[in-house]
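Based on the sequences and whatever the hints tell you, model everything.
Number of protein chains: 2
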Amino acid sequence: MNIAVVGMGIIGGSFCKSIKKHTDHYVIGINRTKSTLEKAFSDGAIDEIGDKESLKKADVVILALYPSAAVEFVEKYGAYIKKGAVVTDSAGIKSEICPKLSELSRKFGFVFVGSHPMAGKETNGYESSDDTLYEGASYIIVPCKADSDSVKLLSDLALELGFGMIKITTPEEHDRMIAYTSQLPHILACAYVLSPCCKNHKGFSAGSYKDVSRVANINAKLWSELFMENREPLIGELETLNENLLAIIDAVRDGDKNRIEELLEKAHKTKEELGE
Amino acid sequence: MNIAVVGMGIIGGSFCKSIKKHTDHYVIGINRTKSTLEKAFSDGAIDEIGDKESLKKADVVILALYPSAAVEFVEKYGAYIKKGAVVTDSAGIKSEICPKLSELSRKFGFVFVGSHPMAGKETNGYESSDDTLYEGASYIIVPCKADSDSVKLLSDLALELGFGMIKITTPEEHDRMIAYTSQLPHILACAYVLSPCCKNHKGFSAGSYKDVSRVANINAKLWSELFMENREPLIGELETLNENLLAIIDAVRDGDKNRIEELLEKAHKTKEELGE
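Line order of the protein sequences matches chains G and A.
Numbering of the first sequence is given in my numbering, commencing with residue 339 and proceeding in unit increments.
Numbering of the second sequence is given in my numbering, commencing with residue 339 and proceeding in unit increments.
Please note that the accuracy of each hint is not assured.
Since the list gives no way to pick out one identical chain from another, each pair is judged satisfied if it fits inside one copy or across any two copies.
What the hints assert, rightly or not - Listed below are the simulated BS3-like cross-link pairs for lysine-lysine, each with C-alpha atoms no more than 30 Å apart in a straight line:
1. K540 x K483
2. K459 x K595
3. K548 x K358
4. K548 x K604
5. K604 x K537
6. K459 x K394
7. K540 x K372
8. K595 x K414
9. K540 x K420
10. K607 x K559
11. K438 x K390
12. K540 x K358
13. K377 x K607
14. K490 x K537
15. K377 x K483
16. K459 x K548
17. K559 x K540
18. K395 x K438
What the hints contain is simulated information worked out from the structure, not anything from laboratory work.
Below is the structure:
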């Protein structure tokens, strides 16, 4: 297949490198900044430096752009996409953009299948991309009424690239779960490092500091967009967290050791039963 | 030197193994459960299965017990400790127990130097101990008016064992910083996994879920004691966190993208400048 990857950040770059590593598909890179494409080409991450015209020959298009930019790209260049091609995004929110991309797919005659690779790093850009990023990770597919052959094509491709698990879901369930599994930890990490103590942590800190603060090294522009477009589930999860946090705070404030132990034991059991 | 390690959990066991790995000191293991001592002896982690009588020949005594148990141990067996021996604890809180242990040191004629190895795992017990646990970690020393030779002896020993950094501080500063660097992440992790979403995370989660939830696999008995004995600094840090969290929640609720981005960028800069 000819696969066009639009956007050469950590997500797009890692797709290119993984496709080249694991398959014989022909990879077309498309990106606003040409120098990044030249770097990707010289790295062997892409077979061709593409542009809108290259979309005409792509069987699969992977949009690795910010959510709103993915919609804008298709609004602008949708007419160049081959009829029947499978187009997927890789955005961290789905309810806001999947209906728009589905509508554009009907307008331009391609098939849209939403997806979200559950992998990332606390650094960004093509320089951070690598051909192992997706190994063992979960690939969430949000079919949005696409035909099952197109969903299977994308699912098979993901497994070929080394993803460890395919999760098929709706935009709503995706957004509700992502609010919890991904957005909340990012907000927690940011709130955590804003304590005045943070700058003096060295010598006093170990693994638990390191883990909870890691993703505070956040891409503020991207994540503020993700939070904005997932406000309702996110606020729900923030409120749940706040209640659970207050229950522990109150028990500590009251000096109620049994109650603290009870809450911690409940958390311990939850985590232990899940295994991970 | 003869070094007695009291308590064969992850902390004590790792001290024994590290001493045997890196030094020629003679290690005496003391523990309530004899079978653990036999295991440690057969592992070569200790040179001798000891008891209260063995304390008479120890030049250094490392108490690797729960905070209150460390005080109780010395109250009960302090008379067996050699005059002039250096005794240290390894407890995660200091203001509550250091004055008690200092007082006992004057009563029994040994030197007490508080300490806290900044290392651990989300699992416990001798089985989790290993000879690399302390490699590169910080060793916090709380001298509590001990003479400088005794502090140096302990500091030199820690560096010999592979600790990467010695931090000398007061009980109050220790407890204030530990509330932030260690206790808070444990509370956050517990509050986080108590969300009803947690049990469905698989397929929707990646590194940020994994990191923030790791230490929810908590030893509820130990940590409820640590929280109870450090209530004031901990409540202060919890309140600071709660304020920072609410600032982000409010910005999300108001749909104020600029404000969200501003707060995230502040967190990002803090984390980036610290480097870790």
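Cross-check of the supplied hints:
For a Cα distance limit of 30 Å, the shortest separation of K540 from K483 across copies, 24 Å, qualifies, whereas the shortest one inside one copy, 51 Å, does not. Taking the closest pair of Cα atoms, K459 and K595 come within 30 Å of each other only across two copies (23 Å); inside a single copy the shortest separation is 38 Å, beyond that limit. Taking the shortest Cα distances, K548 and K358 sit within 30 Å of each other only across copies (29 Å), while inside one copy they are farther apart (34 Å). Proximity of K548 to K604 under the C-alpha cut-off of 30 Å is found in both arrangements, the shortest distances being 24 Å within a copy and 18 Å between copies.
Taking identical chains as interchangeable, the C-alpha atoms of K604 and K537 lie at most 30 Å apart only when they sit on different chains, with a minimum of 13 Å there against 32 Å within one chain. Taking the shortest Cα distances, K459 and K394 never come within 30 Å of each other, neither inside one copy (32 Å) nor across copies (53 Å). Neither within a single protomer nor between protomers do K540 and K372 lie at most 30 Å apart by alpha-carbon distance, with minima of 41 Å and 38 Å respectively. For the homomeric pair K595 and K414, the shortest alpha-carbon distance between copies (25 Å) is at most 30 Å, but the shortest distance inside one copy (61 Å) is not.
With identical chains, the CA atoms of K540 and K420 are never at most 30 Å apart, being 55 Å at best within one copy and 35 Å at best between copies. Taking CA atoms no more than 30 Å apart as the test, K607 paired with K559 passes between copies only; the shortest distance there is 13 Å, against 37 Å inside one copy. Proximity of K438 to K390 under the C-alpha cut-off of 30 Å is restricted to the intra-copy arrangement: shortest distance 20 Å within a copy versus 74 Å between copies. Taking the shortest Cα distances, K540 and K358 sit within 30 Å of each other only across copies (28 Å), while inside one copy they are farther apart (41 Å).
Taking the closest pair of Cα atoms, K377 and K607 come within 30 Å of each other only across two copies (28 Å); inside a single copy the shortest separation is 48 Å, beyond that limit. In this homomeric assembly, K490 and K537 come within 30 Å of each other (Cα to Cα) only across copies, at 27 Å, whereas the closest approach inside a single copy is 49 Å. For a Cα distance limit of 30 Å, the shortest separation of K377 from K483 qualifies neither inside one copy, at 37 Å, nor across copies, at 60 Å. For the identical chains of this complex, K459 and K548 are neighbours both inside a copy (14 Å) and across copies (13 Å), given an alpha-carbon limit of 30 Å.
In this assembly of identical chains, K559 and K540 lie within 30 Å of each other by CA distance both inside one copy and across copies; the values are 28 Å within and 27 Å between. Taking identical chains as interchangeable, the C-alpha atoms of K395 and K438 lie at most 30 Å apart only when both belong to the same chain, with a minimum of 23 Å there against 77 Å between chains.
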